[in-house]
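These protein sequences, in sequence, are chains A and B.
Taking my numbering, the leading residue of the first sequence gets 1, the next gets one more, and so forth.
Taking my numbering, the leading residue of the second sequence gets 1, the next gets one more, and so forth.
Wrong hints could be hidden among the right ones.
Said to hold, decoys possible - Below 30 Å or equal to it, Euclidean Cα-Cα: the simulated BS3-like pairs (lysine-lysine) are:
| hint | chain 1 | residue 1 | chain 2 | residue 2 |
| --- | --- | --- | --- | --- |
| 1 | B | 49 | B | 68 |
| 2 | B | 105 | A | 78 |
| 3 | B | 68 | A | 62 |
To be verified - Label pairs and their in silico Cβ distance ranges:
| hint | chain 1 | residue 1 | chain 2 | residue 2 | range |
| --- | --- | --- | --- | --- | --- |
| 4 | A | 53 | B | 72 | 30 to 36 Å |
| 5 | B | 70 | A | 20 | 43 to 49 Å |
| 6 | B | 7 | A | 83 | 30 to 36 Å |
| 7 | B | 17 | A | 14 | 43 to 49 Å |
| 8 | B | 30 | A | 83 | 37 to 43 Å |
| 9 | B | 58 | A | 15 | 27 to 33 Å |
| 10 | B | 55 | A | 7 | 36 to 42 Å |
| 11 | A | 81 | B | 71 | 28 to 34 Å |
Simulated from the structure, these hints should not be mistaken for laboratory data.
Glycine included, every Cβ here is placed at the ideal spot set by N, Cα and C.
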Amino acid sequence: EAEVAQSPRYKITEKSQAVAFWCDPISGHATLYWYRQILGQGPELLVQFQDESVVDDSQLPKDRFSAERLKGVDSTLKIQPAELGDSAMYLCASAQGAVDNEQFFGPGTRLTVL
Amino acid sequence: AQSVTQLGSHVSVSEGALVLLRCNYSSSVPPYLFWYVQYPNQGLQLLLKYTSAATLVKGINGFEAEFKKSETSFHLTKPSAHMSDAAEYFCAVSYSGNTPLVFGKGTRLSVIA
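Here chain B stands alone, though its shape is the one from the complex (with noise of 0.2 Å):
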């Protein structure tokens, strides 16, 4: 069964200092994992993917995500934080296409002046 674990429900950072969002996944074959965010009361949109191309992936905003079979991990980072970021993000994972995702409980990202 595929699960999502991402480690720490609330991440503080000051404008301007690197974004480091954790996520490691459990899968029986090779996954597809996505990171999204969310908006106080609005739906899910798309930061980025991974789906067996490139290790690195670069998405929207700036934030890149890269994938670690060895670690089971798909880390999301961003350089330089902009108070614009504050959000909840989550991380999730599917084994093909046409199968719901199986999401992580969200980190809530807090960027302070």
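This is chain A alone, in the form it adopts within the complex (with noise of 0.2 Å):
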């Protein structure tokens, strides 16, 4: 069964370093998605990509998030300087665009900032 691939999945660094994360969506899935999840709270969008475009970026934190889909295929979301408020689950989801808007979630990577 296909799925979304995430790496690496945890990641602990220091404040003030760089970070990023690297997800590989469902093979044919011209849609993907970046969410952070804080702890004990749901996902919230950072960013979504059509194929290679960014269709909303509006909750991206830009001073520091950015974000690219080079080849509308796999994604890298970065962080530079990550700051402490930043550790959170980053989730990666992928769909195909479909009238009900089903996405696939990859497993995460998990970050602490220290």
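Both chains come to you apart, so use the hints to assemble them.
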């Protein structure tokens, strides 16, 4: 069964360092989302891609976060510099863009900023 | 603006008892509604979805949910809880394809032997 891949699964870094997360969506899924999930909360959207284009990055803290999906397949989310408040689970999801909007989630990257 | 309210951040049931997790939504247009389950340090797995077909939706692992437009609710139920059901459950809403999901804050389900 096709799955969304994410790496690394866990990342520990010190504040002010740079970190990067990678996501490989299910093959053929044109839509890719990055969500951030703070402990004890539901996921919240950071950025949405349609193919290689950004559709919605209104909630992305652009002073320190960047995201790209250069060839419309895999994607990278970067934080520079990391802050203590960035500690969270970062989830990638992909979708075919079907009418029912079913999204398939990867296992996530758990980030801890010390 | 869409929003989701999950009543009860923590629900505890005995093994074999009925599971009821509550979800109310706010949407200005007919919504698509989802329930996801999350085990510790894992991603979200879809349990079931409502997409304007049958109002009673059956999902995986014996879960089901009923869409009630008059009550703006989409509560999740399971007749008999199993220890393996212990996890975090999230209700989510969107209003069309290719749009981000808006999630509730989640309900942690504990199952007592």
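Each hint, compared with the structure:
1. 49(B) to 68(B): 14 Å, holds
2. 105(B) to 78(A): 25 Å, holds
3. 68(B) to 62(A): Between residue 68(B) and residue 62(A) the Cα gap is close to 39 Å, so the pair fails against 30 Å, i.e. violated.
4. 53(A) to 72(B): 30 to 36 Å: 34 Å, holds
5. 70(B) to 20(A): 43 to 49 Å: 48 Å, holds
6. 7(B) to 83(A): 30 to 36 Å: 33 Å, holds
7. 17(B) to 14(A): 43 to 49 Å: Cβ of residue 17(B) to Cβ of residue 14(A): about 46 Å, so the range 43 to 49 Å holds.
8. 30(B) to 83(A): 37 to 43 Å: 40 Å, holds
9. 58(B) to 15(A): 27 to 33 Å: Hint violated: Cβ distance 47 Å, outside 27 to 33 Å.
10. 55(B) to 7(A): 36 to 42 Å: 40 Å, holds
11. 81(A) to 71(B): 28 to 34 Å: 47 Å, violated
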